[in-house]
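Letter by letter, the sequence shown follows residues 1 to 142 of the numbering used here.
Calculated from the structure, these hints are not laboratory results.
Among the hints, a few may not be true.
Pairwise CB distance ranges, derived in the manner of DEER restraints [said to hold, decoys possible]:
#1 ILE134 x ARG28: 20 to 28 angstroms
#2 VAL21 x MET133: 33 to 41 angstroms
#3 GLN33 x PHE4: 19 to 27 angstroms
#4 GLY47 x MET103: 31 to 39 angstroms
Straight-line alpha carbon distances no greater than 25 angstroms define the calculated DSS-like cross-link-like pairs of lysine-lysine that follow [claimed, not checked]:
#5 LYS19 x LYS98
#6 LYS49 x LYS87
#7 LYS118 x LYS87
#8 LYS40 x LYS87
#9 LYS19 x LYS49
#10 LYS19 x LYS29
#11 LYS40 x LYS19
#12 LYS78 x LYS29
#13 LYS118 x LYS40
#14 LYS110 x LYS78
#15 LYS49 x LYS98
#16 LYS87 x LYS110
#17 LYS78 x LYS49
#18 LYS19 x LYS87
#19 LYS19 x LYS110
#20 LYS40 x LYS98
#21 LYS98 x LYS78
#22 LYS98 x LYS87
#23 LYS40 x LYS29
We put the beta carbon where it would ideally sit given N, CA and C, even for glycine.
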Amino acid sequence: MITFVEDNRDVDIYLGLRKQVGWIELDRKQAQQALDNSIKIYTVYDGNKPIGMGRIVGDGAVICYIQDLIIIPEYQSKHIGSLLIEKLIQYVNSITVKGTRMMLCLMCAKGREVFYEKHGFTARPTRQLGPGMIQYIRVEES
Numbered sequence: 001m002i003t004f005v006e007d008n009r010d011v012d013i014y015l016g017l018r019k020q021v022g023w024i025e026l027d028r029k030q031a032q033q034a035l036d037n038s039i040k041i042y043t044v045y046d047g048n049k050p051i052g053m054g055r056i057v058g059d060g061a062v063i064c065y066i067q068d069l070i071i072i073p074e075y076q077s078k079h080i081g082s083l084l085i086e087k088l089i090q091y092v093n094s095i096t097v098k099g100t101r102m103m104l105c106l107m108c109a110k111g112r113e114v115f116y117e118k119h120g121f122t123a124r125p126t127r128q129l130g131p132g133m134i135q136y137i138r139v140e141e142s
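With the hints as constraints, model all of the structure from the sequences given.
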């Protein structure tokens, strides 16, 4: 049975899920800080087995980002990712100040655009919006 648990900030689950989908390895302290600073986290379980996770980060008023939408490979293409993203969207809708609008953004992996477009996201650039941009900051240990 698929269930969604709110705000589980278990770093071992987070790191394990990231590893199963082949994402870059994070430092344990960095990973825990990411979880602790998330606005909302949903962890997806099949019984007692963690199979996915999605996080909301941002200021919770003007802008939020969907971060780390993870479904492990053997559970992909089973509509679980769609259920998870809809929960995340619903949560952001619930915290949006009445009479205002919130920007909900994400950076998707190449080739996943169609999935996100099905859930109401717009690929950039458009005529009105420039391309999304990114910069990685690296600080070496001394």
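### Message
Tell me the hint numbers this structure goes against, listed in increasing order.
### Response
Structure breaks hints 2, 5, 12, 15, 21.
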